[in-house]
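There are 2 protein chains.
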Amino acid sequence: MEREEILKEITIKNDSKIVLIVIDGLGGLPYKGKTELETARTPNLDRLAQKSICGLSDPVFMGITPGSGPAHLALFGYDPTKYILGRGILEALGIGVEVGEKDLVARGNFATFKDGKIIDRRAGRISTEENKKICDLLNQNIKEIEGVKISLFSGKEHRFVLKLEGDNLSDYLTDADPQKENQPIKYTAPLKEEAEFTAKVVNQFIDKAMQVLKGSYPANTVLLRGFSKLPDIPSMQELFKLNPLAIANYPMYKGLARLVGMRVIDSGQEIDSGFKILKENYAYYDFFYLHIKKTDSYGEDGNFEEKVKYIEKVDKYIPDVLSLKPDVLVITSDHSTPALLKSHSWHPNPFLLYSRNLIPDNVKKFTELECAKGMLGRFQAINALSLMLAHALKLKKFGA
Amino acid sequence: MEREEILKEITIKNDSKIVLIVIDGLGGLPYKGKTELETARTPNLDRLAQKSICGLSDPVFMGITPGSGPAHLALFGYDPTKYILGRGILEALGIGVEVGEKDLVARGNFATFKDGKIIDRRAGRISTEENKKICDLLNQNIKEIEGVKISLFSGKEHRFVLKLEGDNLSDYLTDADPQKENQPIKYTAPLKEEAEFTAKVVNQFIDKAMQVLKGSYPANTVLLRGFSKLPDIPSMQELFKLNPLAIANYPMYKGLARLVGMRVIDSGQEIDSGFKILKENYAYYDFFYLHIKKTDSYGEDGNFEEKVKYIEKVDKYIPDVLSLKPDVLVITSDHSTPALLKSHSWHPNPFLLYSRNLIPDNVKKFTELECAKGMLGRFQAINALSLMLAHALKLKKFGA
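Just so you know, the protein sequences line up as chains A and B, in that order. So for the first sequence, my numbering puts the first residue at 28; every next one is plus one. So for the second sequence, my numbering puts the first residue at 28; every next one is plus one.
So here's chain A without its partners, still in its complex pose (with noise of 0.2 Å):
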């Protein structure tokens, strides 16, 4: 029996509450001797990793670097080596596009082509009231192509999500996207003879958005990337008999939620909102996702301090979470983003799991380090969810 097939036999419906908290990109490397988690001052976090059990969790397996697809799967209990989901479907469900099972989906740039190159990946960076004004008119112009339906979404500045809808569509396809610039206009190809249909459509979508897009330089050609198809996923209400509610702000984690199955609430900008709306919709859930992407975006931008001070921020929030009395709270994250290296990492997350049914361990503070002392060990992040579902009581004995 597989993991999935025995959480599945084994759980049941109680009153008990999951609280999971990622907070992005969390772990870091030294900067003058200490990580961004060692430097600031977490009290509250400090003082909950006393009572908790700890560890260092890696989303894939070890030196694995995920990108957030992967990394939030692994969390939610879905093993990332299993479900592999392009980057077309998450941008396609974080924008709230409904996505079939029979449709394809891509992510869109608009871009600049002038004197047989594209010349600007981004089309200058457009604003996102222009880009809705071209998606409008790619949309009246171009409705289908060989009984395919076309549709455009407009994302923020020069993102846009195209969607094909029709029989026999096929994600074997290579990005329609130079991914460099000064480069002429690529077509995409098919990876099996079962996409050649489909890339027929797509190039000739190139080709009919170019001659509609004539007059709207800077944004006058489209790039395309991350064909996907929506991966059979079965729901955590399915698998785990939760209720789920996931709080986030970003496309990715919310099209991510959806997939397994979350409602989804927007937790705004601030960090504050995010909060508010846990504390808000407490009593309707028994498993909530609380994203909080700061931490990643200063990671990315190589900007220590920020990241540092961001997590004093989250730490001050520890108490209010814990004063709804959750029977589970898990603080983790997706995966590392240490501001040294300016992108995600291969670096454990440091993990705490907080409940009644536990030996606290003696771990001091919530570190890479002192995690790494936890009563969890090192740990695959797929783990997480029924040691979750454990410590809340949801799941029956296996095997008699």
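To be clear, the hints were calculated from the coordinates, so they are not data collected in a lab. It cannot be assumed that every hint is accurate.
Identical chains blur together in the list; that is why a pair holds if it fits in one copy or across any two.
In silico DSS-like links for lysine-lysine, alpha-carbon gap of 25 Å or less [what the hints assert, rightly or not]:
(1) K219 - K35
(2) K190 - K219
(3) K61 - K352
(4) K423 - K141
(5) K78 - K369
(6) K44 - K369
Fit chain B to the supplied structure of chain A, relying on the hints for placement.
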């Protein structure tokens, strides 16, 4: 290559001896700040821990509370998610019923039926003597149904095992047991088409048994559950070239041991006799599994104090075991049974391995938290057997 294949290929036979002591349900949760194991005075176990390598083991995977079946299989080196054992099989093997490849077995209860309802699922816990008489009566009156041979084997109090021998028997059957009292008789139902014939035979048996038992109030009906057939499981001799002896008292553990090819000697109810049998038989086997049950029973009863006392009792026998000079001695548990939860739990097992061939780690006491600091870290229990074999120098190199 799977783990099992690898071990089969590299195991060698030699004279070294392995002793595995399973203190059932050993791990606990803190009461007045200390777990059962932390509360117990265990000078011998603590001294041994100082000379050993320690860790915490998860029987199945993190968060999973195992039944005794999966938990023991893992300790014996079998993947508990691959070999799924029916409760009927365990019970049958435990009371010494020979089960053939085609046979189907189930656990049975004698119960009390009155005014169209089951009013006592245990027939007032009739005596074991009474049980034997009723089984004889049924065996004399119901020998065969639709070409399928029927036999009953009496267990303790109200319990028995039903064995069906014939062709095309299937275990895809629901329990014929309402689980609660004051419910009508529940017949079995087939879960797959292939089980329709078997369901018919079982339900006829229930009707016939009720006719035969008309005058046997309060034991006037039968409940049947855990229909199961023998899993196809290789023996420890075949896989690991071991000549194993099990010393246990309860049917379940004796059954598990027989299933993987161990010879079984009943340890009796007293702790003393188990250790005595180990000593007497030490010359004749190379792997000894000694099962100690009462720690689990006290845990299940929620009796923290008695569990503590029993751990202290076990501690006194450690010098006796060491005087046998085993090449490898492992002391651990199949699963935790915290008195505070009154049930099996998902908490990992304290694990200690003593041998000449190791670097003693800095574990000072044999407790959950101290074991967490050990060199074995947190690991899956299926590794226990390869660790024992390795330290007993029973494994060749894997690969050239």
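- [ ] List in ascending order the numbers of the hints, as given earlier, that are violated by the structure.
- [x] 4
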